[in-house]
Amino acid sequence: GEDVEQSLFLSVREGDSSVINCTYTDSSSTYLYWYKQEPGAGLQLLTYIFSNMDMKQDQRLTVLLNKKDKHLSLRIADTQTGDSAIYFCAESTPSASKIIFGSGTRLSIRP
Amino acid sequence: DTGVSQDPRHKITKRGQNVTFRCDPISEHNRLYWYRQTLGQGPEFLTYFQNEAQLEKSRLLSDRFSAERPKGSFSTLEIQRTEQGDSAMYLCASSLGGQGANYGYTFGSGTRLTVV
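For the record, the sequence lines run as chains P and A.
The working numbering applies: residue 599 is where the first sequence begins, and numbers increase by one.
The working numbering applies: residue 2 is where the second sequence begins, and numbers increase by one.
Since the hints were derived computationally from the structure, they do not count as laboratory data.
Check the hints yourself; a few may be wrong.
[Claimed, not checked] List of simulated lysine to any residue pairs, SDA-like, C-alpha gap at most 20 Å:
| hint | chain 1 | residue 1 | chain 2 | residue 2 |
| --- | --- | --- | --- | --- |
| 1 | A | K58 | P | K634 |
| 2 | P | K634 | A | T107 |
| 3 | A | K58 | A | G41 |
[Said to hold, decoys possible] Over the 10 Å line for every Cβ pair with chain A, so calculated as not near, a few chain P residues:
| hint | residue |
| --- | --- |
| 4 | S605 |
| 5 | S609 |
| 6 | A639 |
| 7 | Q642 |
| 8 | N664 |
| 9 | A688 |
| 10 | S695 |
| 11 | S701 |
| 12 | I707 |
[What the hints assert, rightly or not] Quick list of the computed label-pair ranges, beta carbon to beta carbon:
| hint | chain 1 | residue 1 | chain 2 | residue 2 | range |
| --- | --- | --- | --- | --- | --- |
| 13 | A | R23 | P | T623 | 45 to 53 Å |
| 14 | A | K15 | P | R658 | 25 to 33 Å |
| 15 | A | S28 | P | T691 | 22 to 30 Å |
| 16 | P | T691 | A | T3 | 39 to 47 Å |
| 17 | P | F648 | A | E29 | 40 to 48 Å |
| 18 | P | M651 | A | K15 | 29 to 37 Å |
| 19 | A | K15 | P | S615 | 44 to 52 Å |
| 20 | A | E57 | P | T623 | 17 to 25 Å |
| 21 | P | T628 | A | A54 | 21 to 29 Å |
| 22 | P | S695 | A | G4 | 17 to 25 Å |
| 23 | A | R23 | P | L606 | 42 to 50 Å |
| 24 | A | P71 | P | S615 | 26 to 34 Å |
| 25 | P | P709 | A | K58 | 43 to 51 Å |
| 26 | P | S615 | A | R82 | 46 to 54 Å |
Every residue, glycine too, gets a C-beta built ideally from N, C-alpha and C.
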């Protein structure tokens with residue numbers, strides 16, 4: 599079955615790097631995503647990675663995919679207060695009929 | 002294009018009443034999705050449409066829930082005889098079908114339902 603798991607909370611100091619981890623169960627997942635949700639807002643797509651890639655970098659964001667271990671991570675370099683949000687890991691099925699989300703990791707930034 | 006719009010933003014209703022929510026997707030997107038999000042959880046898939054056809058429904062979508070997309074543009078989600086457990090944020094998203102769907106959805110800001 600499809601399941602996506604994440605740790606619930608992460609606290610980092612401003613300026614440090616944040617690493618948010620995720621595991622998924624469906625080995626046939628084709629795309630994996632990171633979404634950001636700020637209070638009272640909908641979900642914003644941050645980045646995605648195709649399952650045949652190991653890494654994707656986009657400015658301060660680095661996504662690492664270990665397909666063997668079904669592990670996905672999101673690294674945010676130089677974390678800022680504006681990065682405070684809930685980050686959702688998600689996967690899509692081969693038929694691309696729907697995206698399955700994890701429960702989200704709440705990232706808080708301390709001065 | 003203003004993105005995905007949902008109306009209303011907030012709805013408070015008494016238990017047992019019916020409610021209807023509306024979603025206007027991005028105009029060129031042929032796929033439209035409904036998700037439900039409760040506090041502390043990620044969005045849970047409810048149903049999706051390709052054009053006007055409803056192609057998949059989750060087990061979460063009880064017979065009190067019905068969704069339509071009559072002309073393949075906007076969609077409505079109706080909940081009949083609301084229960085307190087229906088209190089949640091209802092999110093709508095849209096995408097281009099086929100390969101486009103793999104590049105993620107565009108979400109609306111959601112409708113927050115509170116059943117009292």
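**Item:** Hint check, failures only
**Value:** Of the numbered hints given earlier, those the structure breaks are 1, 3, 6, 7, 9, 10, 11, 13, 14, 16, 17, 18, 23 and 24, listed in rising order.
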